[in-house]
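Whole structure, please, built from the sequences with the hints as guidance.
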Amino acid sequence: MNQRNLFWISIFSITLSCGGENDVAQNKVHLKQDIKEVTSLDSEEQSISDHLITEIKNSSQVFKGSLNIIDTLFLPIHGSVQDGFALMSKFETEINTELKTHVFDRNSKGELIQKNSFSGVLLGKDTLVIDYPRIMLRFVERDDKDDLYSYNCWFGFDRNNDKYVFDHCVSITKTYRGRKKSIDAYVSEVESSEYQIIVNNEVLEVLEENNYLN
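Going by my numbering, the residue at position 138 of the sequence shown is 1020; the numbering climbs one at a time, nothing skipped.
Hint data in this document are derived by calculation from the structure and do not stem from the laboratory.
For glycine and all other residues, C-beta sits at the position ideal for the given N, C-alpha and C.
Incorrect hints may appear among the rest.
[Said to hold, decoys possible] Pairwise CB distance ranges, derived in the manner of DEER restraints:
#1 Leu1010 x Lys1056: 29 to 35 Å
#2 Ile951 x Ser1074: 39 to 45 Å
#3 Asn1083 x Lys991: 16 to 22 Å
[Stated by the list, open to error] Here are the computed lysine-lysine pairs in the DSBU-like style, where the Cα-Cα straight-line distance is at most 30 Å:
#4 Lys982 x Lys1063
#5 Lys997 x Lys1063
#6 Lys997 x Lys939
#7 Lys982 x Lys972
#8 Lys1027 x Lys1063
#9 Lys982 x Lys1062
#10 Lys1027 x Lys991
#11 Lys997 x Lys1027
#12 Lys939 x Lys1027
#13 Lys972 x Lys939
#14 Lys1056 x Lys991
#15 Lys972 x Lys1063
#16 Lys939 x Lys991
#17 Lys946 x Lys972
#18 Lys1062 x Lys997
#19 Lys1062 x Lys991
#20 Lys991 x Lys946
#21 Lys1063 x Lys991
#22 Lys946 x Lys1027
#23 Lys997 x Lys982
#24 Lys1045 x Lys972
#25 Lys1045 x Lys997
#26 Lys939 x Lys1045
#27 Lys997 x Lys972
#28 Lys972 x Lys1056
#29 Lys1027 x Lys1056
Laid out in structure tokens, this is it:
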């Protein structure tokens, strides 16, 4: 898998050099400017996020019954996030804490419409495509031995069905009970085309049987 094809979430840090007093003073000025710019950008993004969350609550049943939205992550599926996006949200309900990923798009009237609902983690998207890029999701299954299987899968937009559909499984990781050890159970790049087809069919069956794709 070529990582430059993915949009990864990065944490940026601002560091000061270890030069003389003038350098330190100059860096402090730059630091204040950088913090101001980052804060301004974060405030703008937060405002957009709040607006979209409010619009979702008014137009769909996504957060029905939720008591508190703990965290959200938006990835645009067009040039602007306001035109359509994949949303990963972590929220509390009366029963437990849930994490889901939804895809929303706008219709010809500009209304926000839900296209997909996944019980999975949003990992990233194909940055080489602006309009309806592929998105990568991770789904976790627990077997009867209490081991965990993580399926990392690409989904592409199907214009005929007007929603994202399963493309293929990139990799499968097995984490043993107690999370003491993890291994790569499957990596598509090193497998034959025939075996990839078999695994893709089996993974899709697992996702459908567990209602991870809604």
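Do the hints match the structure? See the list:
1. Leu1010 x Lys1056: 29 to 35 Å: holds (30 Å)
2. Ile951 x Ser1074: 39 to 45 Å: holds (44 Å)
3. Asn1083 x Lys991: 16 to 22 Å: violated (38 Å)
4. Lys982 x Lys1063: holds (26 Å)
5. Lys997 x Lys1063: Distance ~37 Å between lysine 997 and lysine 1063 Cα, so the pair is violated.
6. Lys997 x Lys939: holds (15 Å)
7. Lys982 x Lys972: holds (7 Å)
8. Lys1027 x Lys1063: holds (14 Å)
9. Lys982 x Lys1062: Judged against 30 Å, a Cα distance of about 26 Å means the pair holds.
10. Lys1027 x Lys991: violated (50 Å)
11. Lys997 x Lys1027: violated (35 Å)
12. Lys939 x Lys1027: violated (39 Å)
13. Lys972 x Lys939: holds (15 Å)
14. Lys1056 x Lys991: violated (45 Å)
15. Lys972 x Lys1063: holds (26 Å)
16. Lys939 x Lys991: holds (18 Å)
17. Lys946 x Lys972: This hinted pair holds, its Cα atoms lying about 13 Å apart.
18. Lys1062 x Lys997: violated (38 Å)
19. Lys1062 x Lys991: Status violated; Cα separation ~52 Å.
20. Lys991 x Lys946: holds (24 Å)
21. Lys1063 x Lys991: violated (51 Å)
22. Lys946 x Lys1027: Not OK: lysine 946 and lysine 1027 at ~34 Å, beyond 30 Å, violated.
23. Lys997 x Lys982: Answer holds: lysine 997 to lysine 982 is near 14 Å, not above 30 Å.
24. Lys1045 x Lys972: holds (22 Å)
25. Lys1045 x Lys997: holds (5 Å)
26. Lys939 x Lys1045: holds (20 Å)
27. Lys997 x Lys972: holds (19 Å)
28. Lys972 x Lys1056: Between lysine 972 and lysine 1056 the Cα gap is close to 24 Å, so the pair holds against 30 Å.
29. Lys1027 x Lys1056: holds (12 Å)
Of the numbered hints listed earlier, those contradicted by the structure are 3, 5, 10, 11, 12, 14, 18, 19, 21 and 22.
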